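Peer 1: Listed here are the chains, written in short residue letters.
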Amino acid sequence: MFRQAWQKINSMKKIFLPIVLLFSLTVVAQENMHPSPAQTGTIALTNGVIHIGNGEVIENGMIVFSNGKIVDVRPSSPIMDIKVFDLKGKHVYPGVIASSTNLGLVEVSAVSATADYEELGDINPSIRSLVAYNTDSKVINTLRSNGVLLAHIVPQGGTISGTSSVVQLDAWNWEDAAYKTDNGIHFNMPSLINVPVQFRRPGANDDRVKQGLEKIEGIRNFFREAKAYRNEIMHASVNLKFEAVKGLFDKSKTFFVHCTLVKEMMVAIDLAKEFNFKLVLVGAEDSWLITDILKQNNVAVILSQPHSLPATDDDDVDQPYKTGVALQKAGILFTICQDGGDGFWRQRNLPFQAGTMAAYGLTKEQALSSITLSAAKILGIDNITGSLEKGKDANIVISEGDLLDMKSSKVTQAFIQGREINLDNKQKQLFERYKYKYSIK
Amino acid sequence: MKKKSFLFLLAAAIVFFAGRLNAQSTFPVNDVANPKEGCYAFINATIVTNAQTTLQNATLVIRKGKIEAVGTKLTLPKDAVVVDCNGKYIYPSFIDMYSDYRSETAQKSGGGQRGQSQFLSTTKGAYGWNQAIRSENDAATSFAVNDTKAKDLRAIGFGTVLTHQMDGISRGTGAVVTLANEKENLVMLKEKASANYSFNKGSSTQDYPTSLMGSIALLRQNFLDAQWYKTKPAGEGTNLSLQAFLDNQLLPQIFESSDKWSDLRADKIGDEFGVQFIIRAAGNEYQRISEVKSTNASFIVPLNFPQAMDVEDPTDARFLALADMKHWEMAPSNPAAFEKATINFALTANGLKETGSFFSNLRKAIQLGLSEQKALKALTETPATLLGMYDKVGSIETGKIANFLITSAPIFSEKTIVYQNWIQGNKYTLMEDGWKDIRGNYNLVINNTAHTLSVTGDISKPSAEIIGTDTTKVDLKIKDKLVLMVINYKKDSANAARLSGVISEDAWSGTGETIGGKQLSWTAVKAGNQVLAADTTGKKKKDAVAAVGGEITYPFNGYGFTTIPIQQNILIKNATVWTNEKEGELANTDVLIKNGKIAAIGKNLSDVAAKIIDGTGKHLSPGIIDEHSHIAGTGGINECSQSVTSEARIADVLDPEDIDIYRQLSGGVTSSHILHGSCNTIGGQTQLIKLRWGASAEQLKFSNWDPFIKFALGENVKRSYSQSNNRFPDTRMGVEEVLTDAFTRAREYEKLPAGKRRDLELDALVEILNKKRFITCHSYVQSEITSMMRVAEKFGFSVNTFTHILEGYKVADKMKAHGANASTFSDWWAYKMEVVDAIPQNAYLMQKAGLNVAINSDDGEMARRLNQEAAKSVKYTDMSEEDALKMVTLNPATMLHVADRTGSIKTGKDADLVLWSDNPLSIYARAEKTIVDGIVYFDNEKDKLLREAIVKERARLIQKMIGAKKGGEKTSPAAPSFREKNYCEEDIHTDKAFWGKIEKNNLSIDNQ
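First to last, the sequence lines map onto chains A and B.
Going by our numbering, the first sequence opens with residue 1, and the numbers climb by one from there.
Going by our numbering, the second sequence opens with residue 1, and the numbers climb by one from there.
For reference, chain B alone in the conformation it holds in the complex (with noise of 0.2 Å):
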């Protein structure tokens, strides 16, 4: 014990006269030694030590960089240069950490879908296989002092940064350097001080990923394939890259997001591998604050709030999405939204194109809620704390690094000027005007003649005049310590003046000229201080907060709900119902919902507590259930990159918000499958959805269900219409080998005892031959639909679905042998040379043959007319009317496994319904009322109302945008708002029904 007390008192004492030793360099000097002490002494100020902390009339010593002592009555060093603060304030300097000070941004991504492919990295050395796994890149290593930079970063208050290279998708560490302009090794506070992440593959040139879900199945395998690494496994040699992230895991893990859901996207992969991320806010966290919540993240906040556009001209605004404006209007409530649900976060000027707009972006925040004292935090103590950096910077406290600022007011107000940023010790002068306050009354004698002169108005800019029966404006000019007043008397011209002189503290005197050349001389000494007025920013925030007039919806857009919609007790009276069961279709019936579920099915039934719907001369059917769609994903639907990506999850990739939701909801659709694209033989793994209109991605998905994947065969998986593939295979025979060796490879896995790398490609392989996972397969000719089948059988599954499936008709009996079952078009063919033979008669001789047989969208438009698209057979074929509804209700639901649940009226089962004007197969029929789980999302009567608050609500916010630009706002010039659309293929398109005209570049007719 005497011992390790001792040692402490020992570390205590060198801690203590190190700040007073000299301090060695290995550097050596050109010039004179000139050491010094840089003790300051800062007195009468009143300083801010931290957010909760203000100590009045205080006073700051720094000795050689560091804060010696701060406090009130303290005895100031002798050696200290004495520097008065009277009336000013004191803060610590503000800490960013989320900086590319260090670096230029790296430049986007070259990566050449549809050219050659690139498929491994092109990083020299002994690094990963992937390009944009950049563990290994150490921003301390590369780093360099920038004045540049960091004068625009000193300029609004910063002093500490943590820079990384923003390149990849893991990005290697960022280190803590000040923003002082010294040599490198001096402001470097630590070298590895975080490890960074993101969704965005930034400069790499190579194909894989392609997609978000790429992305994050990358960063999923990257954690596994790090623990294995671990095991030095002979096979992998050394790889620089694994070893470094494994490095890495100590620091603190910082992940950029670029969307609210993201930032869940990036806390799941998270919770998986037992990291909390630290989270780069997107900016619209705002719009769903308690789920971002929920990930018990902290949180790096921007302040980079969108510009207003010029929507003058209504042709431009008609294409400025409601949203778009929405989210302009209430962006800079996202940081108070972040205090109000208690979410720990720091803020960041990362993202703002101009530094200037730092303090008034902040203002506009404050003004929407933010308090002061929690901004301030979020400049300093959290994210210094975050850090692991709080015993260094952060807060104004003996021991710290003497980084802080000089301010004439409070800092957040609006006309506070902050002075001087010192920054290690070193000051660094922001603005030298005003820093002497010399607003007041002076009593000015010239030659013997006296007035009164006013000064007011803006500390650094004061305005004067001549205060008397003729009250006379003076063009008051000051420099330093130099003034220059021109006084121009109306009346009296003669008495006209140029004044020049110096302000010596309170006593200005000079010399001057009157404008008939009559030399003059003057004093003015100061007779009182300026009354100043009240501060008006309590007002304002008031006015401010009332004048944001949107409301959150969910979905954030002109179709959201207010509040999101609950499940209660439905009667439906007196309808055409569609039961899809045995007792086929029931005229004048009623439908009871109670708890989302089909509770009773007959004649005059009755519920107190329900609420009744007229179904007189209407028809109500089992919901529509889309077997293959590419809606309500996000960031590509394509993993294209390679033959095989059974890694890549389209659950990860949800986006809750798409308007295609509620436009099949008015088109009668309740559940649909989205799937991955067909651009290689193995994609991705589908996601079943309910369109819950509103909820969440994860709410969005159909709970309990098998999971299931997409495969694809023939043209789009050979890439026929490419001008150079040289990604295997390029033939149906290679397409056919892609599958055997892909599952010999996985059973080959699955036998590899304990303690094998983990493979996120093969584990879902392995789940298909379990058969704990189903494929639903892209294919369209009679030879390639056999070659799948025979491989399943050789190794044991079967395939569930054959999607698209247009030569299904010949060889149907082949597909019944072998248990699959049909999803296809009605009447799609001739887009492409393998859907020559395809005929509209085919879901008839499918089901003739004995298949079980959907009828598919894969188009967002086309969706919303599933049961029109079924109709269709009836016109062909000989199909009764019933058995074609049941190809896009009940058939589906087979095919999904879910029929248990969902397909049919049945008691018991989930109220998925549609109440439709007309029968459902007609051109005729619209849907009144779509109905999942027994919460009506799509109801007619209320998309009137909604289609007359989106009129109102755009002119409110176009009137709002106009406003600012004529109120001197900064505006960009309109843009029309961009949607991201999927389609089957491989491009991500822009919306095809509006831009795919538009660009006038005949995008063909999706899926294919």
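Just chain A, with the same shape it has in the complex (with noise of 0.2 Å):
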């Protein structure tokens, strides 16, 4: 505690002078973007490539929404009396869903002052997400350039770490900006591996085996007990942390396992299983060995970055790649992420990672999918998002080329729950003023 304590003490007298100057001169701009005012009225996207998220494609269609919402996505056609934009071509897309990120709880990583992501404590489910979810950071709007719209925040760090919300990344507050609230409960799975022998001290007790195994069977009383609690109307005193995972129980919040190894999945299926919950796995990195076992207890997975190396030396080079290309031929309803410690900023590259799982054999259109049905399904807002299906929030993008692709990509404008949002950002801004120093046009 102490040495945290001075620890942040520290690093504030380090970063407080630069912190003044980088307000003071170079993000004055950014303060000036806002969030878009509701939508109103009608609005038409024309003579577009229509990627509806599901697989299906409609090479020259139309969308049309209205108060926010999806009216009617078709063929394009003459429409008449409503505000009609021609994309004379230009590629549609549904917003894409970053699945898992500690985005707007931390601005610089490596500046504790800054990071709202990791609380102590062991199990606290009752810490929320939202509550410190900061929608002034200037990393979210290089987020929306690139197609990301909507973000799940997860908070991190000990073993069950909180709750989780879904955002929508234009508002003004985090109540704005709440998309689904306190939609899942995390748990961190104890490691089930023993440390390499080069790592071993002499004496210390190394069987983290066994201490995994003996969090785990923690953390399954602490279930048992919740799950009692919940039993009983009437309590002397309130449990927070009880009430917090009541949700789990009825499966209004969804059950997010970050685990790595098969031990790990396998444990975390049969605890799901125990007490009954929805279970979404994250990480999953070795989920393409078993994935007989996640299709028949109908598991879902947030696979970690494809960008990754493979897990040993003698695995396939291209395993992190082909990972979820072995769960979509396996028929598990998958999405990726961006996780970890610097899975904020990282999130922007969220589109070339499932490209990435497209050039080594998922198609273009599935590959899409993982990102924005798929994602919204996990979430438990597909009813609402993922696909640019009637009904469903106008959460849109348009980019020139393909947006999985860095070398098409180039997004245009985007529109969610039908706002038109600026895509404008602190980076942007800083090229224009330099753009203006070397007098290029």
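If you're looking for bench data, these hints aren't it; they were derived computationally from the structure.
Some hints could be false.
[To be verified] Quick look at which bits of chain A chain B covers, simulated, 3 or more residues with Cβ under 8 Å:
# : segment
1 : 348–362
2 : 402–408
[Said to hold, decoys possible] Some chain B residues flagged as far from chain A (calculated, every beta-carbon gap over 12 Å):
# : residue
3 : 274
4 : 364
5 : 510
6 : 519
7 : 977
For clarity, every value in this text was computed on a predicted model and none was experimentally measured.
Beta carbons: idealized from backbone N, C-alpha and C, even for Gly.
Using the hints, build the complex out of the two chains.
Peer 2: Pasting the structure below:
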């Protein structure tokens, strides 16, 4: 405790000055950007290549939305009396969903004063990410301009790190941003593999598997108690931790288990079975080894970034690129994420991570589905977003070329709930500033 | 002449009589004096006097701890105690020249990275500055007889060891002692017999060195300093460490290695300073035996072969690397590999977890091809000769110390018993049982009833049965001369009896009792010897050799080559060729490769000798060059202990077997600039390599290349995220001053007259001043970029490259004026304070300002996708595709001064090429063939086969390990394999891709 506090003070001292400079010199313009007002009336986007998100493409299509909701998607045809954007062959996509991220909970990874994603303590289900989500983060705008319009904000740390929420990325404050509030509880599975011999310290208790299993047993007991607590309406004193996980038992909340190895995933499946939880595995790098089991148990996966190195020296050198392909072939519902401490700014590359999966065996539309409709299904928001279908929110991205390929991806317009959002960001502004300096047109 | 011969005779006479004279001693006796001649005669023995010579039916006479005579038909001295060794073998006791018999193994270093740094040694006394240089450490002065340890070593045949304290980089001297349980004064044969070294700083708590390259630099500097110290430099005063280092130079120089590549590292240092090290081998030399042989060193080879792991659980087995399983299978072939390569070597028991496994491991080595003769030589004559002690130990010859073993059979046979280990004429009994071979048929008479008793089985644990119509097992127990036999007749239980008696030569006799309590007397007289079964070791040997199913591959892992590939003519037909030259992109074009060079570019080329690769629909680009990489290094790539470590060299620590080399080839990378990390202002010297998978460390190096060095500025070097930095500097103000100070010192150093202390750190800086070495400088914010340039200008040179340079766009005009190149990330930002203004348009802006710009990885994963990282400039700006690709090919070649040889597709340049499935800037592009110097190192077709072979080979070895476990071999619990991965920041992290997650320790995404 003391050490951490001290560390924070220490790093505050070091960064105080640069922060002041930053604010006073360079980011004034960024602060003038503002969220768009609610959409009213009807808008049509015509003559676009419409990638629905469910695998279908309308080559020359149009999409009509009204008061934030999609009212029509079909081949282009003449339309009267409404505002029309002629896309002239541009590509239209559902807004990309960052399915597991600490976006808005951190501004600069190395500066702990800006980090709000890891709380102290071990079992923290009542900790809520949404309340710390900073809509004014400079990072958010850099995601939108690459087509990421929604994000699942996930707390990290501890064994049960807390409750996550889904936000839309164009808001004045976290209450406006909330898209699906408190939709899941996050369990960080203890490691069930021993450390390499080189890391063992003489005399240390190195049986990590045993330690891990003991910890898991503790979590099991926690849920048993929570379940019993839920059965009784009257309580002498309120237990906030038990209250927070109530929704898992009626499946109004999803049980997200962050794990990597086969044994860890198997334990997660067993745990979810015992309590009849709706289970989603996050990370799940070795999920390609147990696709049958995942399919049988109807487990969904938020796969760690394809742009990773293989887990072992002997693995296929492109294994992480094609793990999603194995899941797709097995019929498992999956999306991809960029997790870890730097999982905020890196979300802007999510479309390209999907593109890599397309290079290694998915069709392009499957790759797109994985980061749109599949993500929405996993997060329980597919009734309102994830694809360009009638009745859903008008969360739309328009790109000059293929959104999944950096060679051609140029996002020109985007809509969240029908509102056309400002695609400017701090980086573009700095670009303009220095184009001016060097007289670059 | 006459006088000289007289002296010689006198000396000879003294030597002769010395053995017979009363041995005086200063030590008082608290008892009645008990002087002894200690004269023994061992007769009727098979005496193996040395590895080449065996005397049958021979006699050995010893007196006063020395060998008096050996031979056949000797006259026995009257005062000799005669020991009949009929049927037994006598060997010289073994010598272990790599032992820490005298002392405990040093505790691991507690040097505190990221905590408070310790800059100087805490050793008390007039010693040197570095705690890992312990040249003054003298094994003889701290030696103490430890009979518990000695007993373990005697039990496996050793009589003499060279002991030293295994602690530090320069470890001081070793002493030769016998393993007799006598006074220290009497067992010490040579007090200074070796000088010992390693790359491991051991118990030193001092920060320097934090890395293998630092250890190497420290040792090299120490060699130089010792020479300089001869001049008695006033500024140094008395330095006992340096004095000792100098004094020790005349001794055999022994270097402990922990890896085959470190054998070569040690030897290279030896070559530089005129020292031929004897190398304590790591155990994996068989994987590169020809390179190891090229050192011309003698080796001390361990027998600590890895244990099988318990891999029954497939989820555990998954994380045991094929390389480690292969090594488990092949490690016992290491000694044989030395023999086959005709390398001079000794064997050591050092490193064995249990000394008890010495003989069984040695037999494994013999099964895999080590000859018994060589094994014996490596345990006797060779170590004695290497230590200059063959006149005293190592064979059974008159005048030598009476160190010998008495065994039941040839020493390396499986069931051989070592009965006694005589050291300095003292008998140490290892096994009593079986000294007398009682096996054979006996006429057993119990109360006048005759039976035939047959004694068979192990000489030390014989079993017995009564032969007859109703053959009955006898429970036979022998203790020295006493015998107990329990006879249980199955059918005739009335005759069941318990017999107790004494063995007196070939006649046994005693009393007993029947089951009914009736008293018995009995005798047994030997009627004939047992017919011994034929020796089957020869057959076993063949079986075992056949049992090694694996092959050595280059590198030694699943993706290695079984034979190192060679150049051939290649003709790539009909591809879209990205030339990076004024021709631009050429459609439907052929490229011919000859002798590793691009021989022709054009349409309809032909070459009958060439292998044809169809490029239809594919794209051919120059190989990707990564300006900033940390792959292929070992022992850490950060020497963080001081702010200036220009003496450290990446070239010393290349690891050519890093799997990331292969993975990056699979992403089209052909050259990587391997940099020191960014934890200090003036880091180490860098190394440009070509990704020649399968080559040795030396062969990886890009030849005739202008040397570079890594500098760093900003948060990492001022340790912004440390909790308690005490290493200067702590601010960017201080960083600038570190630079100014270093170059000021370098300039003054250069001007010093001849005879100066050669300073490896300043040498590198002088090279910079003289434009013989070039800087690549890790940098982020505009203030520090400008400061660095101004310091350089003040000293008359320019900064070749700013790497990372995320705010380069803010001062691109100044950089242009200075003449710097820029090597940056495509889109990284927000991971630390100094990158909050980083923008993905940086590369474009710098290029527009006229700079030569590259995109680098600084990341083992991202390096596989550098082409796509470059493509991000196309996305975020108006950069053309051709210009984007140049940022990862021609532009880095230019800034590394090798654009005359690589970076574009031009006749005469090196054939460093990639054939892509698609436009190389597209996310959908996959490298299908990656060619370096005209050799296809990555080929997606071959890669498929390798994957299948890996699965098969893993399955075979897992089954073999499971079999070993079932067969009763000791196994250790499954543990994942470990591979070092290096990052720009200070710590050696574990494999981030995997362990980072497993450990759940939130390793921040590297570089930084």
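Peer 1: Going back to the hint list, which numbers does this structure go against?
Peer 2: 7
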